[in-house]
Amino acid sequence: MTTAPLLLITRDPSHPMAQLAFRFAKAYLESHTNQKNDNEEGGSQENSNPNKLAVFFYGDGAQTANRLRWQSADVTDITKLWQSLVEEYHLELPVCVSTALSRGISDSDNSRRHELLGDNLAAGFSLVGLGELATMMNDRRLLQF
Amino acid sequence: MSILIKLRTPTELASYEGCALAMTLATFGQPVQLYLDAAVFNILMNPKSRLFGMMQSLDLYDMPKAWLPADVFSGWVLGMLPQDLAAQLTLEPEVINGNDFSQILTF
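Protein chains in written order, with the working numbering: chain L, 537 to 681; chain B, 1361 to 1467.
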């Protein structure tokens, strides 16, 4: 089995590349569903499993994890699209904690630690250290969007 | 195979985040080559920027000297920077073999 790619998403959610990243991930997961089912007993759901598609939100890509980002009804809500992949494929959505905090995106733990009022991390996303990305690489092909 | 990380967005935050990623990957044993585009020179020359401080410690991360575009402007910048920082920078090679890099990331 080939090693699954790691998608490094660094663009703002409004950028065409951010939309492309989602379409790539969805198509990849759909095309590998049968393989996943075949290997389900021995397969790991962890992001470090090189056979599983992994994504990492970094830089402006962290804006994707902001649940308070309002958009008009005629604009695709890419946050919800990524959340649908969590439900359907158990995809993990790690976000670099440093880049998220510097853009005003925080979870309850970090809000408490940094004395911020409230939290706004969208469901399904998690804030992790940058070292997590290095661990996830694990000889994977890294694709930047 | 090495990863080439290009810094070309002229904001303090973007240049910091690109450099932070390079240093983190280097910490985990990943060979990384930094390339600083002319667009970030104003940040590089600002002693208060994080990029200025981080570039001074490239050798602590066993990272090679960062590349600058091979032109007159880069030569001028090298002459204007403090010696310890300029020592961490060099002009890009005349010939770059794309096969030497497994990935090229841009910030």
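Since the hints were derived computationally from the structure, they do not count as laboratory data. In this text, a Cβ means the ideal position worked out from N, Cα and C, and glycines have one as well. Some clues are possibly wrong.
Over the 10 Å line for every Cβ pair with chain L, so calculated as not near, a few chain B residues [what the hints assert, rightly or not]:
#1 S1362
#2 E1377
#3 V1432
#4 T1466
#5 F1467
Computed footprint of chain B on chain L; a stretch qualifies when at least three of its residues, placed anywhere within it, have a C-beta under 8 Å from a C-beta of chain B [unchecked claim]:
#6 600-612
#7 632-641
Exercise. With a cut-off of 8 Å between beta carbons, are at least three residues of the region 632-641 of chain L near chain B?
Worked result: Per the Cβ count (3), the hint holds.
For this session: Measuring Cβ to Cβ, find out whether V1432/B lies farther than 10 Å from everything in chain L.
Result: 31 Å, holds
For this session: Run the C-beta distances from T1466/B to all of chain L and say if the shortest one exceeds 10 Å.
Result: 7 Å, violated
Problem set entry | Status of F1467/B, Cβ more than 10 Å from any chain L Cβ | 7 Å, violated
Problem set entry | Least C-beta distance from E1377/B to chain L larger than 10 Å | It is violated; E1377/B is separated from chain L by about 5 Å at its closest Cβ, not greater than 10 Å.
For this session: Confirm or reject the statement that S1362/B sits farther than 10 Å, beta carbon to beta carbon, from all of chain L.
Result: 12 Å, holds
For this session: Closer than 8 Å, Cβ to Cβ, for at least three residues: run that test on the region 600-612 of chain L against chain B and report holds or violated.
Result: violated (count 0)
Of the numbered hints listed earlier, those contradicted by the structure are 2, 4, 5, 6.
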